[in-house]
Amino acid sequence: MSEYALEIRQLEVRYGPVRAVRGVDLTVAPGSVTALLGANGAGKTTTVMAVSGSRRIAAGSVSIFGKDMTGATADAIVRAGVAISPEGRRIFGSLTVEENLVVAGSVVPDHKVAVERKAAMMERFPILAERRRQLAGLLSGGEQQMLAVARALMSGPRLLLLDEPSLGLAPQMVDTIFAIIEEVRGEGISVLLVEQNATLALDVADHAVVLANGEVAASGDPAQIANDAVLREAYLAA
Amino acid sequence: MELILQQAINAISLGGVYAMLALGLAIVFSIVRLINFAHGEIMTFGGYGIFLSLLFGMPPAAALLIGVGAAVVMALAMERLAFRAMRGADVVSLLITSFAVSEILKVLFQNGISARPVPISLPASWSGTYQIGGATIGVLPTVSIIVALVALLGLTLFLKRTEIGIAMRAAAEDLEMLLLLGVRANRVVAVAFAISGLLAGIAAVIWTAQRGSVDPMMGFFPVLKAFIATVLGGLGSLGGAVLGGFAIGILEVLAQAFLPEAFAPYRDAIVLATVIAALLVRPDGLLPAANADRS
Ligand SMILES: Nc1ncnc2c1ncn2[C@@H]1O[C@H](COP(=O)(O)OP(=O)(O)O)[C@@H](O)[C@H]1O
Ligand SMILES: [Mg+2]
Numbered sequence: 001m002s003e004y005a006l007e008i009r010q011l012e013v014r015y016g017p018v019r020a021v022r023g024v025d026l027t028v029a030p031g032s033v034t035a036l037l038g039a040n041g042a043g044k045t046t047t048v049m050a051v052s053g054s055r056r057i058a059a060g061s062v063s064i065f066g067k068d069m070t071g072a073t074a075d076a077i078v079r080a081g082v083a084i085s086p087e088g089r090r091i092f093g094s095l096t097v098e099e100n101l102v103v104a105g106s107v108v109p110d111h112k113v114a115v116e117r118k119a120a121m122m123e124r125f126p127i128l129a130e131r132r133r134q135l136a137g138l139l140s141g142g143e144q145q146m147l148a149v150a151r152a153l154m155s156g157p158r159l160l161l162l163d164e165p166s167l168g169l170a171p172q173m174v175d176t177i178f179a180i181i182e183e184v185r186g187e188g189i190s191v192l193l194v195e196q197n198a199t200l201a202l203d204v205a206d207h208a209v210v211l212a213n214g215e216v217a218a219s220g221d222p223a224q225i226a227n228d229a230v231l232r233e234a235y236l237a238a
Numbered sequence: 239m240e241l242i243l244q245q246a247i248n249a250i251s252l253g254g255v256y257a258m259l260a261l262g263l264a265i266v267f268s269i270v271r272l273i274n275f276a277h278g279e280i281m282t283f284g285g286y287g288i289f290l291s292l293l294f295g296m297p298p299a300a301a302l303l304i305g306v307g308a309a310v311v312m313a314l315a316m317e318r319l320a321f322r323a324m325r326g327a328d329v330v331s332l333l334i335t336s337f338a339v340s341e342i343l344k345v346l347f348q349n350g351i352s353a354r355p356v357p358i359s360l361p362a363s364w365s366g367t368y369q370i371g372g373a374t375i376g377v378l379p380t381v382s383i384i385v386a387l388v389a390l391l392g393l394t395l396f397l398k399r400t401e402i403g404i405a406m407r408a409a410a411e412d413l414e415m416l417l418l419l420g421v422r423a424n425r426v427v428a429v430a431f432a433i434s435g436l437l438a439g440i441a442a443v444i445w446t447a448q449r450g451s452v453d454p455m456m457g458f459f460p461v462l463k464a465f466i467a468t469v470l471g472g473l474g475s476l477g478g479a480v481l482g483g484f485a486i487g488i489l490e491v492l493a494q495a496f497l498p499e500a501f502a503p504y505r506d507a508i509v510l511a512t513v514i515a516a517l518l519v520r521p522d523g524l525l526p527a528a529n530a531d532r533s
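Here the protein sequences come in this chain order: L and V.
Just so it is clear: in the first sequence, position 137 is 137 by our numbering, and no numbers are missing.
Just so it is clear: in the second sequence, position 21 is 259 by our numbering, and no numbers are missing.
Please keep in mind that the hints were generated in silico from the structure rather than gathered at the bench.
Keep in mind the model is a prediction, meaning the values are calculated, not measured.
Treat the hints loosely; a few may be bogus.
[Claimed, not checked] Derived EDC-like pairs: lysine to aspartate or glutamate, alpha-carbon spacing no greater than 20 Å straight-line:
1. V:Lys398 / L:Asp203
2. L:Lys118 / V:Glu401
3. L:Lys112 / V:Glu414
[As the list claims (entries may be wrong)] Label pairs and their computed distance ranges (CB to CB):
4. L:Glu87 / V:Arg325: 38 to 44 Å
5. L:Gly137 / V:Leu346: 42 to 48 Å
6. L:Glu12 / V:Ala515: 49 to 55 Å
Think of the CB as a built atom: it goes at the ideal place given N, C-alpha and C, for glycine as much as any other residue.
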């Protein structure tokens, strides 16, 4: 396989003098889930935001489906097929549930397609249909996460970036979110999944990368990483 | 009774101008965190647009439309030439940039047109009056109220019903997230400036029609009041800006109508003291913005 959905090479991102991400290599194979793990502050969010075009890339490269997108603007990256459910979900709380989807659909070139997709999201997430006219800020954490995923899917992505989708959710809701991740992969969408819940993430993932202090501490087969006691002790809080 | 009705019309008409100016400031601030000190010069430019159109023999109605258009063009030009390069800079740098733009424009108005007021003469019939229950009401203040209300209503519909309007509300809440969804920032920001210019242009029409002249400082004082209105309403809150604008207009007219003559020099001070008192009770303003805690 020569073409990855996402291929990050020697990525470096800085905040002032702080090198938050240092020489990170990471790939997501088409139609698969790559888990990106590591303790708080390891550089996971920075990596994901750099892929999205929201952090300046100091060195290294980002390719999306074989196309070099290093330093591209966020809207070009969306057009290349990438969508994100960011850390903290960041749904628009003062907009209604439906308006959140409408905004995301406004980047779809064909308006009819956007309308159809919105209807499909409402069907897929009945709770969103039920609350379509409510302010999104009034949804529960789990509902907000579903809205964040639905909003990301509005652009019809081929690569989905999920930054801690299960954080702060009740166990049952966590299961629902992971079921959605498997469903999305089943549709052929590639996923980069950032998680603190290493056990669940390694369970669903096809490939895993562990970050520590902005560098790759380990990468490879999720089952192997899950069984590596030293690794778990050192970098994964599970 | 008649006096009350007349004063009410004056208060709402003045409040409508402040509300439109405050709303223009708030729309831009809510999205790019820019407190646009040069907003007054957008309004002044609209006034000169009317003056020059009349000078070149345009019919009055066309001149007023050109004035509004001039304000929109000025707002878009400011964004493109001065503020776009500063996108994402801190609030203070942006504020200082807008001070500079404001000063440059004032000097251009003074040297390019005139430091003194130039007349705007509209048809005499426009400054007529009519009677309601014994009260004599000006046509112009009445039309001003209608124009302001139509503008505010139109903008509300725009923000609620259109895709770009919804995107602007989203941008006010979390611009980075909107960009992550692939929405182009330049478009949203340009529309915000265009709307602020449109509202300032309409304010310029109402203002010049009522005063009959334009000078380089024309926009300065009403926009100063509009700043206070945005703070009173809650910085970055659109509803708050409108509410604050009407509140200040009403306070001003009340102060003028009912305070004894001896207090006349202190009118502005009394209005401001009332605003400060309101802010002591509600520090985030009357209607705080959704993201007030992040700003
Ligand atoms: N906006 C920022 N400004 C400055 N430093 C930041 C910023 N965001 C993250 N950092 C720093 O970069 C490092 C990596 O953070 P982050 O990417 O958020 O890690 P993770 O998502 O793995 O918890 C941390 O040391 C964090 O303090
Ligand atoms: Mg993070």
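Structure-based check of each hint:
no.: 1; hint: V:Lys398 / L:Asp203; verdict: violated, 43 Å
no.: 2; hint: L:Lys118 / V:Glu401; verdict: holds, 14 Å
no.: 3; hint: L:Lys112 / V:Glu414; verdict: violated, 26 Å
no.: 4; hint: L:Glu87 / V:Arg325: 38 to 44 Å; verdict: violated, 23 Å
no.: 5; hint: L:Gly137 / V:Leu346: 42 to 48 Å; verdict: holds, 45 Å
no.: 6; hint: L:Glu12 / V:Ala515: 49 to 55 Å; verdict: holds, 53 Å
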